[in-house]
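Student: Model the placement of chain B on the given structure of chain A, informed by the hints.
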Amino acid sequence: MSDRTPVLVTLRENLREIGIPRLLIALFLVVLFGIAIATRMDLAGLLTDSLLRAARNGILVLALLPAVQGGVGLNFGLPIGIICGYFGKTLLGIDRVVRIAYPIPTIAWIPLVLIWFGPGTSAITFMVFIAAFWPTYMQAFEGTRQLSTRYLRVARSLGASRKAIIVAILVPGGLPYLLNGLRLGYGEAWRLLVAAEMLLATTGLGQHIQVSRSMLEVDKIIAGMIVIGLLGFLVERFVFDRVELATLGSWYRREEGAEIG
Amino acid sequence: MDERGSTGFIAIHNVSKVFATADDGGLKAIDDVRLSIAEGEFVCLLGPSGCGKSTLLNLVAGFEEPTTGTLSCAGRPVVAPGPDRGVVFQEHTLFEWMTVRDNVIFGLTCNGPMRSRFPDAGQRAQACIDLVGLRGFENTYPNFLSGGMKQRAAIARSLAPDPAILLMDEPFGALDAQTRYIMQNELLKIWQATRKTILFVTHSIEEAVFLADRIVVMTRRPARIKEIVKLTTPRPRDINDAACSAIKSRLYASMASESVMS
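Residue numbers (this note's numbering), protein chains in the order written: chain A, 32 to 292; chain B, 998 to 1259.
Chain A extracted, bound-state conformation (with noise of 0.2 Å):
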């Protein structure tokens, strides 16, 4: 009896370490092992097989030339959102192209950007850089104006140079706004890149899926499609946490009672 509650309680330690989400994905998949074993399915057809062969076919480094491609739009979004956020709507008319544009669904731009670059990288670019661009620009836009008020008044009483306001207090200070417009942006760019792919490009995931298709390979498809995800989360998990992890986390508490004095 002594001995054996340890064990349960290291038991359920791990349990809430792991999180029950992980644990039902993970059981999702060994009943979907499950099944394909019990139907006689290929296993290794199925996935060994399908993502060795996509990853031989270099599509994986193919990938992730795109995904480079996104971050134009959020090199631009973020910055002119700042901009904008901090000096006021007028500047520029830019708030108001931005707004009037920013409904525009991203696929709507497909048959202009056919004429302008035909298919090929340029078009794939500049869609992703539109994807990319609207929630960047937004998140980075009402980021620096919540702190306009609140913060700015200390820096200018203070008498903080142009130049310290942006990289003090800006920057930092509306990085929550900012990491999530990185974040949406991101996504936006990701998912867009596999349409506008099968639309418009010659290589690429998406164009590896749209081919599979027409043979008919529908393990390649799937196949394609996991790896898309996959490549999602991993940014998700390891560019984004990470530093949310490595800034918002050291400056604010997540559990009540840690307070000091």
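For the record, the hints were derived by calculation from the structure and aren't laboratory data.
Not one of these hints is a red herring.
Here are a few chain B residues that face chain A, going by a calculated C-beta distance under 7 Å:
(1) GLY1079
(2) THR1090
(3) GLU1093
Listed next, with one range per pair, are the computed distances between beta-carbon atoms:
(4) B/ASP1117 - A/PRO37: 49 to 57 Å
(5) B/ALA1017 - A/ILE257: 52 to 60 Å
(6) B/ASP1238 - A/THR278: 51 to 59 Å
(7) B/GLU1088 - A/PRO110: 24 to 32 Å
(8) B/ALA1171 - A/VAL270: 33 to 41 Å
(9) A/SER192 - B/ASP1029: 33 to 41 Å
(10) B/THR1004 - A/ARG193: 29 to 37 Å
(11) B/GLY1109 - A/MET256: 49 to 57 Å
(12) B/ARG1192 - A/ARG268: 54 to 62 Å
(13) A/ALA277 - B/GLY1109: 24 to 32 Å
(14) A/THR278 - B/ARG1132: 25 to 33 Å
Reference listing, derived: stretches of chain A covered by chain B, where coverage requires no fewer than 3 residues with Cβ under 8 Å from a Cβ of chain B:
(15) 180-188
(16) 197-211
Model, not experiment: these values are computed from the prediction.
Cβ coordinates follow ideal geometry from the N, Cα and C atoms, glycine included.
Tutor: Frame of chain A, contents of chain B only:
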């Protein structure tokens, strides 16, 4: 002393402030205020909530421009916010992404003239942190501090560039009674140690009686100066002794007649 004139360390000369409103009528927040504050003086602006006393403080800080009239601090007209006037607000406005030390240092490193004035910003910041009793919390982020400690840090930050004037907008309004009492005592100590000129906005009669050299009673909107009460009781004061009680009763009567009109 010229109590209502245009000379003085802080000189508020016939200042009015009208805010634009949707119905074009305009909202008159301050009406023809004349006030002169001597160097090193501790003045409380006392008035009912929303009467415009914070607006007056914002005008002195340079956050807003008067509709008519002029303001000057240390002989220079007020045109914009500046490091010669430190500001402490009610809600904590500490930069949450900086430690206490970085918050205090910010004012010393955020522009060129200040950097050359305080070449050793770290030492200056430490002196201010020590002054407000936050030694040991230099590397703490604001969200891990209690309400009172946040305001201590905010005071340290406003003191760091060594302003001649400290403008305080209900700095202890959000604190519990006991912490507020401790902070009022601390502020008096800091004031006596640094001899800053302090303009302190409050709606608490007790707080004003405990702290001020002079209490400027404001009417409800538009804010005018109703009366100016001079306090000569030596500090530390017992706000329940005979002299203070008499002033309190007078202020209560004065404030009550302002509330009735609302």
